[in-house]
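Starting from the known structure of chain P, arrange chain H on it as the hints suggest.
There are 2 protein chains.
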Amino acid sequence: MSKQSDITKRFLLSAKHQEIQALQHLSSNCRTVKAVKDMIHQLQRERGLSNVFLGSKGDRFGGQRQQQITASEACEQDLRSLLKSLYLGQHDNGQSMRLLSSITFALQGMDHLPDLRNKIAAQQLTPLESTNAYCRLITGLLDVVFEAADVASDPTMTRLLVALFNFMQGKEYAGQERAWGAIGFAESHFDSDLGDRVSALSDAQQHCFETFENFADEEEMQMWQLQQSSDTATQITRLRGMIQSLASGGECSAELSEIWYDIATQRIDAMQSIEEHLTDRLTDQATLRIQQAEEELRNHEMLIASLNNSPPLTDTPITMLYDNTVKGLKGAGREANKLPEGSALSAHKSFYDLIRGQAQRIEDMADELSAARQALNEQKVIDRAKLLLMQQGGLSEQQAYRKLQSSAMEQNMRLSDLAQRVVSRVG
Amino acid sequence: MSKQSDITKRFLLSAKHQEIQALQHLSSNCRTVKAVKDMIHQLQRERGLSNVFLGSKGDRFGGQRQQQITASEACEQDLRSLLKSLYLGQHDNGQSMRLLSSITFALQGMDHLPDLRNKIAAQQLTPLESTNAYCRLITGLLDVVFEAADVASDPTMTRLLVALFNFMQGKEYAGQERAWGAIGFAESHFDSDLGDRVSALSDAQQHCFETFENFADEEEMQMWQLQQSSDTATQITRLRGMIQSLASGGECSAELSEIWYDIATQRIDAMQSIEEHLTDRLTDQATLRIQQAEEELRNHEMLIASLNNSPPLTDTPITMLYDNTVKGLKGAGREANKLPEGSALSAHKSFYDLIRGQAQRIEDMADELSAARQALNEQKVIDRAKLLLMQQGGLSEQQAYRKLQSSAMEQNMRLSDLAQRVVSRVG
Numbered sequence: 001m002s003k004q005s006d007i008t009k010r011f012l013l014s015a016k017h018q019e020i021q022a023l024q025h026l027s028s029n030c031r032t033v034k035a036v037k038d039m040i041h042q043l044q045r046e047r048g049l050s051n052v053f054l055g056s057k058g059d060r061f062g063g064q065r066q067q068q069i070t071a072s073e074a075c076e077q078d079l080r081s082l083l084k085s086l087y088l089g090q091h092d093n094g095q096s097m098r099l100l101s102s103i104t105f106a107l108q109g110m111d112h113l114p115d116l117r118n119k120i121a122a123q124q125l126t127p128l129e130s131t132n133a134y135c136r137l138i139t140g141l142l143d144v145v146f147e148a149a150d151v152a153s154d155p156t157m158t159r160l161l162v163a164l165f166n167f168m169q170g171k172e173y174a175g176q177e178r179a180w181g182a183i184g185f186a187e188s189h190f191d192s193d194l195g196d197r198v199s200a201l202s203d204a205q206q207h208c209f210e211t212f213e214n215f216a217d218e219e220e221m222q223m224w225q226l227q228q229s230s231d232t233a234t235q236i237t238r239l240r241g242m243i244q245s246l247a248s249g250g251e252c253s254a255e256l257s258e259i260w261y262d263i264a265t266q267r268i269d270a271m272q273s274i275e276e277h278l279t280d281r282l283t284d285q286a287t288l289r290i291q292q293a294e295e296e297l298r299n300h301e302m303l304i305a306s307l308n309n310s311p312p313l314t315d316t317p318i319t320m321l322y323d324n325t326v327k328g329l330k331g332a333g334r335e336a337n338k339l340p341e342g343s344a345l346s347a348h349k350s351f352y353d354l355i356r357g358q359a360q361r362i363e364d365m366a367d368e369l370s371a372a373r374q375a376l377n378e379q380k381v382i383d384r385a386k387l388l389l390m391q392q393g394g395l396s397e398q399q400a401y402r403k404l405q406s407s408a409m410e411q412n413m414r415l416s417d418l419a420q421r422v423v424s425r426v427g
Numbered sequence: 001m002s003k004q005s006d007i008t009k010r011f012l013l014s015a016k017h018q019e020i021q022a023l024q025h026l027s028s029n030c031r032t033v034k035a036v037k038d039m040i041h042q043l044q045r046e047r048g049l050s051n052v053f054l055g056s057k058g059d060r061f062g063g064q065r066q067q068q069i070t071a072s073e074a075c076e077q078d079l080r081s082l083l084k085s086l087y088l089g090q091h092d093n094g095q096s097m098r099l100l101s102s103i104t105f106a107l108q109g110m111d112h113l114p115d116l117r118n119k120i121a122a123q124q125l126t127p128l129e130s131t132n133a134y135c136r137l138i139t140g141l142l143d144v145v146f147e148a149a150d151v152a153s154d155p156t157m158t159r160l161l162v163a164l165f166n167f168m169q170g171k172e173y174a175g176q177e178r179a180w181g182a183i184g185f186a187e188s189h190f191d192s193d194l195g196d197r198v199s200a201l202s203d204a205q206q207h208c209f210e211t212f213e214n215f216a217d218e219e220e221m222q223m224w225q226l227q228q229s230s231d232t233a234t235q236i237t238r239l240r241g242m243i244q245s246l247a248s249g250g251e252c253s254a255e256l257s258e259i260w261y262d263i264a265t266q267r268i269d270a271m272q273s274i275e276e277h278l279t280d281r282l283t284d285q286a287t288l289r290i291q292q293a294e295e296e297l298r299n300h301e302m303l304i305a306s307l308n309n310s311p312p313l314t315d316t317p318i319t320m321l322y323d324n325t326v327k328g329l330k331g332a333g334r335e336a337n338k339l340p341e342g343s344a345l346s347a348h349k350s351f352y353d354l355i356r357g358q359a360q361r362i363e364d365m366a367d368e369l370s371a372a373r374q375a376l377n378e379q380k381v382i383d384r385a386k387l388l389l390m391q392q393g394g395l396s397e398q399q400a401y402r403k404l405q406s407s408a409m410e411q412n413m414r415l416s417d418l419a420q421r422v423v424s425r426v427g
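Quick mapping for you: the protein sequence lines, in order, are chains P and H. Counting with the UniProt record's numbering, you get residues 1 to 427 for the letters of the first sequence. Counting with the UniProt record's numbering, you get residues 1 to 427 for the letters of the second sequence.
Fair warning: there could be bad hints in the mix.
What the hints assert, rightly or not - In silico lysine-lysine, PhoX-like type, Cα no more than 20 angstroms apart, as pairs:
| no. | chain 1 | residue 1 | chain 2 | residue 2 |
| --- | --- | --- | --- | --- |
| 1 | H | K380 | P | K327 |
| 2 | H | K380 | P | K380 |
| 3 | P | K380 | P | K349 |
| 4 | H | K330 | P | K380 |
| 5 | P | K119 | H | K3 |
Everything labelled a hint here was simulated from the structure, so no lab data went into it.
Isolated chain P (complex conformation) (with noise of 0.2 angstroms):
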């Protein structure tokens, strides 16, 4: 009578230590995005004093913007003892090539931030040139946060990523809004290509925000419709308003200049909130998993032992061979998903139930983990059309954006669907 080998057994072991080891990686990654959201924080708030700084010859924020930069260091500092700390104790970390290269690209910038600090110190960069440093390094750590989502094998973990990845992102946006309007209201004066930009970007953090919102859960919900409902988001959508009707034509004070600031600032310190949450929820279900997956192993072992002990009760193995949920001969029929009930209880059914049961939620799983990774790569697909509709159609942004918008319109597709089709046919 056939037995199981040994080498199924181990292979069987093997495949749950290999999970417990990408949870353990994973577990780290979640570590980094929590130290990435506060260096971005910290960044962002950089940024916005740089750039009154620079607006006002140096009159204004001297004093606050030396304090920040105190700040900013000592959360490079964690950061950076973190990423050592985490991915070059050993040579072979597992991690993905892909997670490195993002994280040395943001170092790489955040190497020469304190260039960067000189050279506004010494007023030898405009306000645009400098918001445009600051993006280019948060872009740089956002990309950290997408690879970690990317990576990530688990569907719950991946669903929270993409929620806090998208969160982040349109934190961003909010903070890209804020540097185009204040370079607006200093001037006094909005053109249209200055509404475009300001329009741009809060119809790209709704996307963002709405992203968000497929894959939050209630609580985070309930925090962002109360940040949604505030005054602040009030002020905000008037004050929107308000340069949407100037870029038509038209003189405002400059004084409106600090009142959008504030404004704009307040909203997006609430929205830190938030992210500490989903960042908590993340190390919580981190530990959580390992600990699943822990038990389950000593489970597995325990079963093993006494399989080796139990001779089969039955003629007929326990096998996929023999059983009609598993896929065969196409056209001869199997009945859908349900796990066989068959025979008498024995450690062999129950061993032969794990291993059809791990196989049957790695095919749920990867259902799962596609819709989180397509919502997560949507916006990037989108964008890498763009791009190559500009290089190769010589179009600008807007006219590469509105084509594709157009071409998906007349097809009667989704706009990330096409893209991928443009994308793909690259490849």
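Coordinates of chain H only, in the frame set by chain P:
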């Protein structure tokens, strides 16, 4: 003046180390895929012979079947030794849980091959039951190839694996078509159900071979076109036509059974040469890519050594912070994709170019990988959507498929895009 920190350099090297590590895992997986392909081929032969053996009540192919079992067993031993040496050597083998789990499931079936063979020898199974058992095991082994393709991180190798998986899947459908055809011819008639099954398998083959063609190189295409225009192909087409006209009523001579079996076997055996070609290319490519990456690592190390000895040349460091090709403030415009020309040649410029180039390469790779993975997953997603409709709507497989097809037509979408949407709604 700010310089690159030590940690940035170490992360750059670490990313390259991990790329090499991932390529070595991929190279192991290619060896597995090659051994799995051989095992599947032996099982396909054994399935065919067992089928005729059972159909003839043990009169025919008894000796050939025994010989084939010996060959299958030798092949299985090779596969088992390889799997053991590749994946069970160290506790943390860095492989994906999904790949290891698919191997576990296939091993579970292989463990019970002796029982299956005993039952066939004792005529305890119908040809259909026996065929179905072999099909389940082969499906399990094909899943191993699928997972190896899905976790591959190198675009060229992913494309090769997608071509190979689809070709192997197509060959397996050809084997299943042979089985249904043999059953029909042996009974001297085909009902419309059986006719439908044979034509569904012919459609499925076409779909697989089309995907193979999209990812194959010229040499493999020529081999395939030669097979497509061979006498065997012409005869298969004629016999398929005969089956469809028999399905609308009418009897045929039982001798046709033998002719059908021989021709179908010739066709399937010929396909082996293309599989061989693809796996050889895979092995070569794996070796090449590892060599390249190791060479790159050495260059990186040399560059970093020279960087430590040469002071920056200019006042403005070469950094992503000031690089117009890096995405920064939305609406500020950026140069599309072109790497910065900037400044004089220096180790600092080379270092930055390296980091920037790597980030760019990863972005480009993402497009290629996503196109290949999409092609890989299309059929799986359609299968999953079908299964969902069967469970939720109590539909048969055929009804579920027709429902998907008609919804796709109505909404003017590709079948696989629609299936993705059906499946994602669950997540």
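A quick look at each hint next to the structure:
1. Distance restraint check for K380/H and K327/P: the Cα-Cα separation of roughly 12 angstroms lies within the 20 angstroms cut-off, and the hinted pair is therefore satisfied.
2. At roughly 25 angstroms between alpha-carbon atoms, K380/H and K380/P are farther apart than 20 angstroms, so this suggested pair is violated.
3. Simply put, K380/P and K349/P have alpha-carbon atoms about 46 angstroms apart, too far for the 20 angstroms limit, and the pair is violated.
4. Of the pairs offered as hints, the one joining K330/H and K380/P holds, with about 14 angstroms between alpha carbons and a cut-off of 20 angstroms not exceeded.
5. Of the pairs offered as hints, the one joining K119/P and K3/H holds, with about 15 angstroms between alpha carbons and a cut-off of 20 angstroms not exceeded.
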